[in-house]
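Visitor: Going line by line, the protein sequences match chains Z and H. Per numbering that gives the first Met the number 0, residue 0 is the first one in the first sequence, and the count goes up by one each step. Per numbering that gives the first Met the number 0, residue 0 is the first one in the second sequence, and the count goes up by one each step.
Think of the hints as simulated: they come from the structure by calculation, not from any bench. All C-beta atoms, glycine included, are put in the ideal place defined by N, C-alpha and C. Be aware that a few hints might be false.
[Said to hold, decoys possible] A few chain Z residues facing chain H, derived, Cβ under 8 Å:
no., residue
1, N11
2, A144
3, S146
4, I156
5, E168
6, A172
7, V175
8, L216
9, F222
10, G225
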Amino acid sequence: MNWLFEPGLFANQSVRTALLVGAVVAVVSGVVGIFTVLRGQSFAGHALTDVAMAGGAGAFLAGVAPLVGFVGGGVVGAGAMDVIGVQRVKGRDIATGVVLGAATGLAALFLYLSATQSAATGTTQLILFGSIFTVQSSTLPAVVALSAVVLATLAIIGRPLLLSSLNLELASARGVRLRAIGFVFMVILAVSVGLSAIIIGSILSTALLIGPPASALKLVTRFGAGVVLAVVLGVLATLLGIVLAYDSYYWTSSHRALPVSFFVVVVVVVEFTLASLVQRRRRSKAPVPARAAVHGDPIGWH
Amino acid sequence: MALAHMDVAGSELLRVEKVDVSIDGREILNDVNFRIDHGEFTGLIGANGSGKTTLFRVILGLQTPQRGEVTVHGEPLQRSNRSLGYVPQKVLFDPDMPIRARDLVALGIDGNRYGLTRRTRANHLAVDEMLFAVDAQEFADRKVGGLSGGEQQRVLIAHALVSRPELLLLDEPLANLDPGSVAEIIALLHKVATQQHVAIFLSAHEMNPLLPVMDRVVYVANGRVASGTTDEVVRPDVLSALYGHHVDVLRVHGRVLVVAGQDSDESSSVADHPELVVE
Ligand SMILES: Nc1ncnc2c1ncn2[C@@H]1O[C@H](COP(=O)(O)OP(=O)(O)O)[C@@H](O)[C@H]1O
Ligand SMILES: [Mg+2]
């Protein structure tokens, strides 16, 4: 890549840490994201990013590592949503919306306080949009450990979780504990969102969580393939985003690097657009066989 | 229906005894009693909202009755009973769901298991065998969400049967199907039930398509049931008692029509009478 990018890119310690943390977090986001999309919980995922934002801002104010605030906030938010009733289909969006609103309000307060009380600049920018180049290499073990816990938990509950994502009735008839498994997944989702907040910020975590899996699902027929492709697309977006952001420093004579989160989201959107185009091409090539009538029952009525 | 294993036929598989169900203080089922024997094909007939799905949920242990009990082989019900297979009502998969027909059937074996256990050769064989039994090999590798309603129904039946239950509960599997698919699914169920000695309990709001294959009928109305052979149940006196007002049972060209009597309140008749055919 040296012929494309400024030499010395990979020799830089903070870039190496960024790439490593970014890759690990993107893997987690891709796997968790597939389930999130299949379960139709994108909105819950987004609300959790706002809770992570409040947590991150609170951590900053208290002088704690942002990762602690991002992840801790998310987990508390998952608990709150469960208590309010996110599990019931009816009222699910309401529970999510209530938590989202409360969290955003708290975040506004924390960000205001830290902006007015501390001399540090760019707190708001960091919390909202991330700051991967400032991640200390000492954070790496915590990121890897949390990621490993998330992936291991998903490996354990994967099948029942998949069945319940397909259809709640089918799963409960097989004895799957929907409530317990739904709660565990919300906590996993919170941790995953908290992790990606350190790369692209709390606001844009949703993009990394939902974008690559949504693109992958347009292209695959098998669940396993969907997981692999989502991970590949997510890692690609993250790494490309980091490299481009670093490189953007040299693009203009004023030497101002553009934010990583911007580039990650650009790649995510490009991937999604390409996936949609491929899907459309495939659909127009292979006409779907006529579906049997799924409406009007000619004899009975409903 | 002919049964290959006469030794198990006629012996009790499921018993529902004195079951009352109220949801949010509203009485849905009241003193429901009936039994299902090994290998029988039983229809659960009732209008929309009469409590068919609720009754299935009680049998599956997903809804606790206020009173009464359900026994399988004389034993009280347990959650996730391996003897019961279930095809819920109105399942239509999203076309983007990355699940092939074959994957859905495999989840009938291990969808409730924790951990990443590898699927054994025996599991793959069981899945193939079941796909063959419901005549779904042709679309086994396509996404379930892209299949027609009737095809999805067949895959769901395979999903429910692959764990070899003794009783298969199907909630309105014929609703929303065109008449051709209705006949196809009924023939398929009849065939599979006979081959695998599985009893079938199928709900419908229209009983005519089921008349040729039904051994017994459980008829729900007003929260109560009448059960027995069709000849025992689908009679003016029995159904009038169940509905609480006079109904006529007409038999025309091999079809049964349950019609609100002349003296009943016409305005309420449509909702109460699943068999009423509006010509
Ligand atoms: N979870 C529920 N909450 C409130 N009412 C319910 C619930 N489930 C069923 N009911 C009510 O119970 C009655 C029977 O419903 P159901 O068993 O779904 O009937 P069917 O399957 O015969 O159409 C209906 O009046 C329905 O409104
Ligand atoms: Mg129903």
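Visitor: Evaluate each hint against the coordinates.
Guide: A quick look at each hint next to the structure:
no.: 1; hint: N11; result: violated, 38 Å
no.: 2; hint: A144; result: violated, 20 Å
no.: 3; hint: S146; result: violated, 17 Å
no.: 4; hint: I156; result: holds, 6 Å
no.: 5; hint: E168; result: holds, 4 Å
no.: 6; hint: A172; result: holds, 4 Å
no.: 7; hint: V175; result: holds, 5 Å
no.: 8; hint: L216; result: holds, 5 Å
no.: 9; hint: F222; result: holds, 5 Å
no.: 10; hint: G225; result: holds, 4 Å
Hints 1, 2 and 3 from the list above are not met by this structure, while the remaining hints are.
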